[in-house]
Amino acid sequence: GAVVSQHPSWVICKSGTSVKIECRSLDFQATTMFWYRQFPKQSLMLMATSNEGSKATYEQGVEKDKFLINHASLTLSTLTVTSAHPEDSSFYICSARGGLAGSSYEQYFGPGTRLTVT
Amino acid sequence: SQQGEEDPQALSIQEGENATMNCSYKTSINNLQWYRQNSGRGLVHLILIRSNEREKHSGRLRVTLDTSKKSSSLLITASRAADTASYFCAVSGSARQLTFGSGTQLTVLP
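Order-wise, the sequence lines are chains R and P.
Using our numbering, the letters of the first sequence correspond one by one to residues 1 to 118.
Using our numbering, the letters of the second sequence correspond one by one to residues 1 to 110.
To be clear, the hints were calculated from the coordinates, so they are not data collected in a lab.
Just so you know, not all the hints are guaranteed correct.
If you want a taste of the chain R side facing chain P, the calculated C-beta under 7 Å gives, among others [said to hold, decoys possible]:
hint, residue
1, Ser43
2, Leu44
3, Gln107
4, Phe109
5, Pro111
6, Gly112
Keeping only pairs whose Cα atoms sit at most 20 Å apart, straight-line, the calculated EDC-like set for lysine to aspartate or glutamate is [claimed, not checked]:
hint, chain 1, residue 1, chain 2, residue 2
7, R, Lys20, R, Asp88
8, R, Lys64, R, Asp88
9, R, Lys14, R, Asp65
10, R, Lys41, P, Glu55
11, R, Lys20, R, Glu63
12, P, Lys70, P, Asp7
13, R, Lys41, P, Asp83
14, P, Lys26, R, Glu59
15, R, Lys41, P, Glu5
16, P, Lys56, R, Glu106
17, R, Lys20, R, Asp65
18, P, Lys56, P, Asp83
19, P, Lys70, P, Glu55
20, R, Lys20, R, Glu106
21, R, Lys20, R, Glu52
Each pair of labels, with its calculated beta carbon distance range [what the hints assert, rightly or not]:
hint, chain 1, residue 1, chain 2, residue 2, range
22, R, Ser18, P, Ala82, 36 to 42 Å
23, R, Thr82, P, Arg41, 25 to 31 Å
24, P, Arg50, R, Leu68, 33 to 39 Å
25, R, Gly16, P, Arg41, 26 to 32 Å
26, R, Gly16, P, Ile47, 41 to 47 Å
27, R, Gly61, P, Thr107, 31 to 37 Å
28, R, Thr80, P, Ser28, 20 to 26 Å
29, R, Arg114, P, Ala81, 22 to 28 Å
30, P, Glu53, R, Ala72, 22 to 28 Å
31, P, Glu17, R, Glu63, 42 to 48 Å
32, R, Arg114, P, His57, 31 to 37 Å
33, P, Ser58, R, Gly16, 27 to 33 Å
34, P, Glu53, R, Gly16, 47 to 53 Å
35, R, Trp10, P, Ala81, 23 to 29 Å
Glycine included, each C-beta is placed from N, C-alpha and C at the ideal position.
Sequences are here, hints too, so could you generate the full structure?
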């Protein structure tokens, strides 16, 4: 099946710094990528949806200036957590889908990135 | 929100027993999917059932879907210790986005 990678798999940063997480589709072109956040023992919550070459669509309650998403190519999307604070510590998971939003193509999930802000 | 609700929240069974998890959702869907997540790891796609299907099998997994009740169930037969994980249902609606349920933590005791 299709493979999605994330880098780094875990990161520890100091409060106030910015962290960039990469999500790559390794063997297919992902026109749509999704970013999720998962707190311990909770479900995945969708943060934003991005289509290649256009601005991301953020879910209600997600600060777009704090969570910068760039989807500049068909195989790479990045999530930058700006001015990170301890409450941003979480497990961030991306997923990628081939085809345009509205297609029935399957979503493939990355392995996740554990962010810890001290 | 059409986020799924799952029950039970936690389930503990003996190896060899069957495990059943249920998922309910609120609005119309195109398909419903089940995922497994081992602690601290990413998601593993288990099975997808479309809105016009009622039952689907994959190995030891059996999924049912009742669109009139807006509910689905996942049955794992002859469970193994390696099945210990969190299981999530996720519904895909008109926007083709996946919305996840609250999850069931399954523990299979050897």
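Checklist entry - Do the Cβ positions of Thr80 (chain R) and Ser28 (chain P) conform to the proposed distance bound of 20 to 26 Å? => result Violated - the Cβ-Cβ distance for Thr80 (chain R) and Ser28 (chain P), about 36 Å, lies outside 20 to 26 Å.
Checklist entry - When you check the alpha-carbon spacing of Lys14 (chain R) and Asp65 (chain R), does it fall within 20 Å? => result Measuring from Cα to Cα gives roughly 19 Å; hence the hint holds.
Checklist entry - Regarding the pair Lys70 (chain P) and Glu55 (chain P), is the alpha-carbon distance no greater than 20 Å? => result 14 Å, holds
Next on the checklist: Less than 7 Å between beta-carbons is the criterion; does Pro111 (chain R) satisfy it with respect to chain P?
Outcome noted: Given a least distance of 4 Å, the restraint on Pro111 (chain R) holds.
Checklist entry - Are the Cα positions of Lys41 (chain R) and Glu5 (chain P) separated by 20 Å at most? => result 14 Å, holds
Item to check | Agreement of Lys20 (chain R) and Asp65 (chain R) with the hint, judged by alpha carbon distance not exceeding 20 Å | outcome: 14 Å, holds
Item to check | Beta-carbon spacing of Ser18 (chain R) to Ala82 (chain P) - inside the hinted bounds 36 to 42 Å or not | outcome: 39 Å, holds
Checklist entry - Under the criterion that the straight-line Cα-Cα distance not exceed 20 Å, is the pair Lys56 (chain P), Glu106 (chain R) satisfied? => result Satisfied, since the Cα-Cα distance of roughly 17 Å is no more than 20 Å.
Checklist entry - Honestly, do Glu17 (chain P) and Glu63 (chain R) meet the 42 to 48 Å range at C-beta? => result At 45 Å between Cβs, range holds.
Item to check | chain P contact restraint for Ser43 (chain R) - C-beta distance below 7 Å | outcome: 5 Å, holds
Checklist entry - Is the Cα-Cα distance between Lys20 (chain R) and Glu106 (chain R) 20 Å or less? => result Measuring from Cα to Cα gives roughly 26 Å; hence the hint is violated.
Item to check | Proposed interface contact between Phe109 (chain R) and chain P, which counts if any beta carbon pair is under 7 Å | outcome: Interface hint status for Phe109 (chain R): holds (4 Å vs cutoff 7 Å).
The structure is inconsistent with the numbered hints 10, 20, 28, 30, 33, although it conforms to all the rest.
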